[in-house]
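Participant: Next come the chains, spelled out residue by residue.
Protein chains: 2
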Amino acid sequence: MKDPKKKRDVIVAAHGGGGEMTKRLLESRILPGITNPALAPLTDGAVLDLPPGRLVVSTDAHVIRPIEFPGGDIGRLAVCGTVNDVAMMGARPLALALALVLEEGLDLAVLERIMRSVAESAEEAGVSIVTGDTKVVEKGHGDGIYITTTGVGVVAPGVSLDAARIRRGDVLIVNGSIAEHGLAIMAARERLGIQSSLKSDVAPLGGLVQRMLETRADVKFLRDPTRGGIAGVVADLAETTGLTVEVREADVPVSPNARHAAEALGLDPLTVANEGKLVAVVPQGDAERVLAACREFEHGRDAAVIGRLVEAELPLAELVTRIGGRRIIQRPSGAELPRIC
Amino acid sequence: MKDPKKKRDVIVAAHGGGGEMTKRLLESRILPGITNPALAPLTDGAVLDLPPGRLVVSTDAHVIRPIEFPGGDIGRLAVCGTVNDVAMMGARPLALALALVLEEGLDLAVLERIMRSVAESAEEAGVSIVTGDTKVVEKGHGDGIYITTTGVGVVAPGVSLDAARIRRGDVLIVNGSIAEHGLAIMAARERLGIQSSLKSDVAPLGGLVQRMLETRADVKFLRDPTRGGIAGVVADLAETTGLTVEVREADVPVSPNARHAAEALGLDPLTVANEGKLVAVVPQGDAERVLAACREFEHGRDAAVIGRLVEAELPLAELVTRIGGRRIIQRPSGAELPRIC
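The listed protein sequences derive, respectively, from chains V and B. FYI, in our numbering the residues of the first sequence are 642 to 982. FYI, in our numbering the residues of the second sequence are 642 to 982.
Zero decoy hints are in this set.
Note: identical chains are not told apart, hence a pair may lie in one copy or across any two.
Quick list of in silico lysine to any residue cross-link-like pairs, SDA-like style, CA-CA up to 25 Å:
1. 664 / 959
2. 664 / 880
3. 664 / 955
4. 664 / 884
Since the hints were made in silico from the structure, they are not lab data.
Take these sequences, add in the hints, and give me the full structure.
Facilitator: As structure tokens, then:
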């Protein structure tokens, strides 16, 4: 005999039809943790009253695999990834829009866990989920759940990041040890024996960025080294500024666990994705202030100056190795780690 | 012998890695038609200077199947669907964020056509694509392309839609003949002989809504009858207002093609999705003005009053049939038309 209850425990096509079943799915599984005055009317969108300042909008489709991983899940990632993108523009993240693509057969218990994670991460980040959408695709046309988050935030008057202001002598700061997100995902996928000790660094950085800006340090550039890792960011910086970016290997924080995992996987930590890290460029004279601001946060305790911008004939991103050698840091081709975020 | 060029004509995993291949995909296939000053820096987000007024944010994941259909494609749908959601909040749509989930193997020529359609529809709607994201999933975990669009717009000072102001005697206006989007998709899917004559109504309604509001008619409610169709909207209205919504079958515009297709497919046009239609609720005395505003637009030429709100013991949505009978209009369960948008 079939168990009729069993049938109701997974996503089915009708959950995506926009009718009664969609309504019930929303009310019972999706909205409970995230509801707030802007979201509650369930109209086509949200009306927001924002503080003064320029508006920032950022969007990210999250297709990470596996959807639950050491240190987080796709829900936490979707919130933090977009919050961080908004923060990297110098803005205070305020609100998120959440679009779900659910695959038929997704266990509703998994959906509930992910939505709880969305709710908790949003609270930690100080943002509200103000509007959303839910679609269902047939089995074999998704991977459990994809989440696109779009964030809005406001750049306070007076804040003005601009890579064009970067000058030689400016330094690069990172807020902690790198490569943990990408390595944790790869380890989980490859089922290496190293998962247990390695966790994604996924975390919201809005508060840390606000604190950094409050120090009145001349922050010229912020970027979260996600896909492409630190390597991608420094390659971009060299291209944008026309200066050479010199990264000192000995100064780049990498945890022993991460170093071990990177070696086991044959990966360069500089090319591996992070989800709770940022690279800031500031004048050398402001570095201490910015480091002190970072260290007020759990996610900034291991903040360090990892390099600087120098004049050179050809603008390159270069690694100064522990033994004093130099090698060019190349933008990863992108083949290494698909579906890392 | 393998043709090496052939291999480069489809999406591959490395296009989604965030490295050099992603960069080239963006530059050659995705950005050309849509680039603008806000998008051009390709940073994590866009900085916008908006006119005064309350901000509206709306998001929609588009998973329609097939991705190209009579009257449009997923690109046009993704732009219009979100533009319309923003417009239904009484706002002028200004900017869109575009998040793509591409499946390995997607023909790059198809991607180019869809991006051209995005660009043309955005221009028609008067919005800019200000930021975006591109991800790639393995074959068997997507369906060519999914597009999540998030729209922002501004509600002009003085505009205030509010369903709580709806009173008995107010009327329902629709801007043209219904059910064409859903029927065109179903016909295309089922390969009925009726495709050629039936086209999706997908169109941006921001301009029409602005014109409607400019008449100073007391527009109390706007909703685009997408998934769930007119039936879903009137069921919601009865629930929200506590009034009975009376729809007169003879007054609902349905084209002969659509009527024929609905009969062939065994569908009630009231429950079928639209993508270029809206339902407005206004006082009876303002109806003529609103109809006149609609008729200034191609997508509003067949605008009509289709019903009104009346007091009744139990708030219901009711259809008054051509022969004077009455039946309850029920919110569709959602099983009818998955992946219609």
